[in-house]
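K.L.:
One-letter residues, chain by chain:
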Amino acid sequence: MSIPAVPVPMESPRAPWYRRLPVVSHFNKSVGLQRGMLVAGLVLTGLFVLTALFAPLLAPYGFSQLSDADGNFPTQQAPGGKHLLGTTVGGYDVLSRVIWGAQTAIMVIVVAVSMSIVVGVVLGLVSGYLGGWLDRILVVIADAVYAFPSLLVAIVMAIVISGGQSSLIGGIFAAGTAITLVFIPQYFRVIRAETVRLKAEPFVESAKVVGASNIRIMTRHIYRNATRTLPLIFTLNASEAILTLAGLGFLGFGIEPSSAAEWGFDLNKALADTTSGIWWTGLFPGLAIVLTVVGLTLVGESINDLNDPRLRGRKSTGSSSPAPVDNAAIATEVRAS
Amino acid sequence: MTTLIDAPPTDADGLLPAAKKSSGGGLGQYILVRFLLIFPTIFILVTMVFFLMRITGDPITAAMGGRLPADQLQERIQAAGYDRPILVQYFEYLGQLATGNFGRTLTDNRAVSEMLTTYGSATLELSINALLVALVVGIPLGMVAAHRRDKAPDAVLRVFAILCYATPVFFAGMLLKLTFSVWLGWLPVAGRARTSSELALTSLEAPTGIYWLDALRSGNMAALGDVMAHAVLPAVALGLLTAGIFLRLVRTNVIGTLGRDYIEAGRSRGVSEYRLVTKHAYKPALIPIITVMGLQIAVMLGGAVLTEKTFEWKGLGFQLANYLTARDFVAVQGIVVLLAIIVAMTNFIVDIIAALIDPRVRY
Chain A
1 MSIPAVPVPM ESPRAPWYRR LPVVSHFNKS VGLQRGMLVA GLVLTGLFVL
51 TALFAPLLAP YGFSQLSDAD GNFPTQQAPG GKHLLGTTVG GYDVLSRVIW
101 GAQTAIMVIV VAVSMSIVVG VVLGLVSGYL GGWLDRILVV IADAVYAFPS
151 LLVAIVMAIV ISGGQSSLIG GIFAAGTAIT LVFIPQYFRV IRAETVRLKA
201 EPFVESAKVV GASNIRIMTR HIYRNATRTL PLIFTLNASE AILTLAGLGF
251 LGFGIEPSSA AEWGFDLNKA LADTTSGIWW TGLFPGLAIV LTVVGLTLVG
301 ESINDLNDPR LRGRKSTGSS SPAPVDNAAI ATEVRAS
Chain B
1 MTTLIDAPPT DADGLLPAAK KSSGGGLGQY ILVRFLLIFP TIFILVTMVF
51 FLMRITGDPI TAAMGGRLPA DQLQERIQAA GYDRPILVQY FEYLGQLATG
101 NFGRTLTDNR AVSEMLTTYG SATLELSINA LLVALVVGIP LGMVAAHRRD
151 KAPDAVLRVF AILCYATPVF FAGMLLKLTF SVWLGWLPVA GRARTSSELA
201 LTSLEAPTGI YWLDALRSGN MAALGDVMAH AVLPAVALGL LTAGIFLRLV
251 RTNVIGTLGR DYIEAGRSRG VSEYRLVTKH AYKPALIPII TVMGLQIAVM
301 LGGAVLTEKT FEWKGLGFQL ANYLTARDFV AVQGIVVLLA IIVAMTNFIV
351 DIIAALIDPR VRY
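Protein sequences appear in the order of chains A and B. The numbering used here puts the first residue of the first sequence at 1, with every later residue one more than the last. The numbering used here puts the first residue of the second sequence at 1, with every later residue one more than the last.
The following block holds chain B by itself, in its conformation from the complex (with noise of 0.2 Å):
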């Protein structure tokens, strides 16, 4: 989880390495250097946990020791090849890696890349709904608390920021789940779906995984108010946890702008305080909520895990805790390596929309 503090507030304009002067070089390149330094991150990444994870010793060992009789155990350690010096192993796993083969999981022998493909789309649909719940929470809060900051809306925010970091997203979803589900029975405990909605949109010609999309498209609208109805509480448990940090985010970098001498030029010109906040103050404030927002995925991802767990909802993380109970080793190797891929990749992203943002950025 990232820490608390408050960028300066006038990190706005005096963004980040933007004080190296391009010599040269165009976005073009920018992004193509952008681009090439992914592969030493994912590789960096890669390597660690490949070795870390084998410190323990061999998979098979630690998945099956003790349930198999040690001739046996021998026999399979050897057929999977886990006998053979580290570095060969370490190349070979490598070299199946670039070409999207992740191995089969030990406790229930599939493909790890298929079990990544269908559970990825129930987390990628939680991560959509968590941010659109952080988005929509999070900034006109930050406007409201930059604009009566030393107030008491702002104190009364500043607190409920400082609450939403605090709260572990898995006692949130309890407390959500005690309140809405329980005692006033409004919503479903847990899971994604019924299982009559889940069957109708799992026979789908093509189904993209993400339940409100593939409710959509199919035009079936009982489904969709079912899979909407599962979708609430999990989203705002987890985007509770990253909008404190878009509200403080917004907050900081708003009191920034609005002390600048182009708002009290607006201000005197008769251009409405609401407008000034909302889009005076508020765009030039933006860049550095972009790049942060890079930085919280990767909160999310992690948040994902705990809150998957808390609501069964059957993603990478719901299977990353079975898989972690169950010491399948190969299955959480492939789990955490396609995590760091993502996170990779987000990070390029936002780099290259911050550029394209803020020309200053290119370097």
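Same shape as in the complex, but just chain A (with noise of 0.2 Å):
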């Protein structure tokens, strides 16, 4: 083994700023077959992204497209020739669709990772800072949503939203908000918690003594410090924000065939075509699926281990490790009530 003794040192403060962004600090930190995983996941992250971003050009045909100039495409065409990965039962090119489902995927992604950081975070910072009955209705809450099966409430709120089906916008903000619902019990808890500990701290009471508003207080002092695990979050929900995404279009509740490609929707329609042996209608949308939340997966985890001294590396923590309390915190604050 050649890890060193002594801890990797932390980035020091006066690292370029570009050294100090998220991944790159945690790759730099990491060594072995922590830095494989950490690589693996980007490699599959970024191919994710890639194809989601030139969709237009990568994809051979549109996603609802049924014929070009030589007239319709055939229906539940084996993969080869003018279709590589074959067509669907309603006469779609699936890889064209597999490839423009990416978009949808990312699109989701944004919009409910994004509402539910913007929401979750305030109401935690609010709701720990302030405390009293606010607080304790707002824990409860946050504890009956998140104790429940997260795809019930998303479907729940996809029927609230959009009545079920929708345009490629509604559809988007619809599943979104839907999924948004999921994640910001999860956010909300997380930063309540680091707020409530950081509440205590000298620097707040400092700030109130120099005459800071709450307000300032919250958003300057306690907010900056708080965020720190945002990161981390960021990845695991984007992985199953995906997933709650392809359950709610298999199970209908998703974006109609001739607005969108989406994967679960696909796999709805392919469930059909497997008991006639007809595989490539499923095995190809399901495949960008798991190759996706793969790839996410492996980043966030990377991030959570190296975020870890005890989890980083074998024998490189010593007696002493001042950083893991936070760590071990937002752990099971994330997955353990």
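Hints in this document: simulated from the structure, not taken from any laboratory. One should not assume that every hint holds.
Unchecked claim - Examples of chain B residues lying across from chain A (beta carbon under 7 Å, computed):
(1) L37
(2) T41
(3) I128
(4) T167
(5) F170
(6) A298
(7) T325
(8) A326
Claimed, not checked - Counterexamples of contact, computed for chain A against chain B with all Cβ distances above 10 Å:
(9) G62
(10) M115
(11) G132
(12) W133
(13) K208
(14) R216
(15) S239
(16) A270
(17) S276
Glycine is no exception: its CB is placed at the ideal position from the N, C-alpha and C atoms.
Put the two chains together into one complex; each comes in its own frame, and the hints tell you how they fit.
P.N.:
Below, the structure is given as structure tokens:
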């Protein structure tokens, strides 16, 4: 083992800003197997993002295209020839829909995660800082929603927002908002726990003595310190958002095939094909989901391990490890109640 | 679905709110307080579901809108009382729930409570089977991964765990179906049993609705074999989803306990490595595992909805998907409320078990 006996130095305050970015600093800290996992995750995630960005260039046909200059596409054609991954029962080109699906997925992730971060962080800060009955009520509600199967919460929200199916923008916002409600409790719990801890710190008291207002203390002093762990939750939630979106689509609560390509919806349609041995309509959208989620999970998990010195390297931790408390708190906050 | 973060290894002893020192108050008081906490949880969920579903309008328009002329629609809305103020309807609904009356479904006009008991047993059977698969796969593999930490088996098993989490149950189910039912032809494609055995089992006196149990009780071995064959693929598809999470939990917690002094002491006394891992290190690691298992029940119920749809397993999830398509929101509301109650109850039971195992949890 080539791990040094001294703990790997944390990035010094003087390191250039780009070396202190979340993922970059984690990369520099990593060694061996862990670095391999992080790199594999970054490659898969990068592929996903690039596919989404360049979908119009990469996809041979449009996601709802049923014919070209030579006439209508054949239905349920096996992979090969003009349609590299075959065609579906409705005559869509599977490859094109898989590529366009990345775009839908990334839009839903962005909508869902950014909305839940904003709402969750604000609620967490206010609830943790002000305390009192507001805090108690919010905690009880968050716990109730958190304990409930997330897919069911998303289904209820999808009914509320769109009554089911809808157009591209409407569908993305419906799915995004449905997933948001699932995630808010997670951000809320983490930020609230951090806020409660930070509230007792001397620097908050100093700020009060100097005469800073509650809003200023919350937005500057506590906010900056409480949000360090967000990149970690972000990657984990991005993968969960994809799975929830696919679940909604699979149950028929997605975006109509004529307005966008969605992997879960395609899998729903492919279910009937399996009994007749048609594998290509389901296999490829499914693989797209698996690879994207694996990529995001690998990145998130590597960040989690690297944040926690006890998980980082086997012998690198001495008896004193001052930092890990935060992470331990986060991990327990996020998944146990 | 729960996130995949590993518990920090030391969780095994610094468990949860254990830090709060109890000020008197024994197990009895803890159970009572914890039991009373179930009610606000269920109440909040019921309230949220009720109001959220009503924002979209009344259930009758949602289900029948466009299929009935406007005046008939109005008539039915009035007959069902959906034109009254929403708060009146809400309190009436709460009152009905308290007496176990969930209303009647709109599309096939049957009592929701009867629908829930009929299909609930199928979901229960699927969940039990899947939990068995998850435990049988997850726990031993987790011990292996912990024992061979940072070696090749560990790396392989960690990738396996991530794959389990990353594969949607319906995709896993589809692949299993393709391989074992369509290509190899070993197992049935879908359903819970052949029609003949289904008939034999449902015509029994006081059936439990759990087919393998009914088959065992009536000594119908042919039906038992048939039911088992149908149960394998759904159980594996849903079980693997949770198996990955169990594997990781066991791994992290056993690694935590393996580093302790008493393990070293045991090793120096000549206790075999096998026994050290499976007995000495594993037992203290059990508590955080049981706690998280409570949360896994919620994951499993969510996954069951998708699994049942994939395998046409006629349980609550299958019905939920159907009622959703038909926009029958009375039935949907009933299923969601029942699942909320189940989740709250299982979390209660899990907390009690944790308290029985580790007195420090009681606070």
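K.L.:
If a hint holds in the structure, say so; if it does not, say that too.
P.N.:
Verification of the hints:
Taken as an interface hint, B:L37 does not check out: its beta carbon lies about 9 Å from the nearest beta carbon of chain A, beyond 7 Å. For B:T41, the interface hint holds, the least distance from its beta-carbon to any beta-carbon of chain A being 5 Å, beneath 7 Å. The beta carbon of B:I128 comes no nearer than 17 Å to any beta carbon in chain A, farther than 7 Å, and the hint placing it at the interface is violated. The restraint placing B:T167 at the interface with chain A holds, with a minimum CB-CB distance near 5 Å, inside the 7 Å limit.
For B:F170, the suggested interface contact is upheld, since its CB lies about 5 Å from the closest CB of chain A, less than 7 Å. At its closest, the beta carbon of B:A298 sits 5 Å from a beta carbon of chain A; the interface hint therefore holds under the 7 Å criterion. At a threshold of 7 Å, the smallest CB-CB gap from B:T325 to chain A is about 6 Å, leaving the interface hint in force. Annotation: interface hint on B:A326 violated; nearest CB of chain A at approximately 11 Å, more than 7 Å.
At roughly 25 Å, the least C-beta separation between A:G62 and chain B is larger than 10 Å, which holds for a residue marked as non-interface. Every beta carbon of chain B lies more than 10 Å from that of A:M115, the smallest distance being close to 17 Å; the non-interface claim holds. Taking the minimum C-beta to C-beta distance to chain B, about 18 Å, the non-interface status of A:G132 holds against the 10 Å cut. The non-interface label for A:W133 is consistent with chain B: the shortest C-beta to C-beta separation is roughly 14 Å, beyond 10 Å.
The claim that A:K208 lies off the interface holds: its Cβ sits roughly 28 Å from the closest Cβ of chain B, which is beyond the 10 Å cut-off. Consistency note on A:R216: stated as away from chain B, and its beta-carbon is indeed over 10 Å from all of that chain's, at 32 Å minimum. Look at A:S239: its CB is around 7 Å from the nearest CB on chain B, not clear of 10 Å, so calling it non-interface is violated. Residue placement check: A:A270 does not keep its beta carbon more than 10 Å from all beta carbons of chain B (closest about 7 Å).
Its beta-carbon lying about 8 Å from the closest one in chain B, A:S276 breaks the requirement of being farther than 10 Å from that chain.
The structure fails hints 1, 3, 8, 15, 16 and 17 (numbered hints given earlier, in ascending order).
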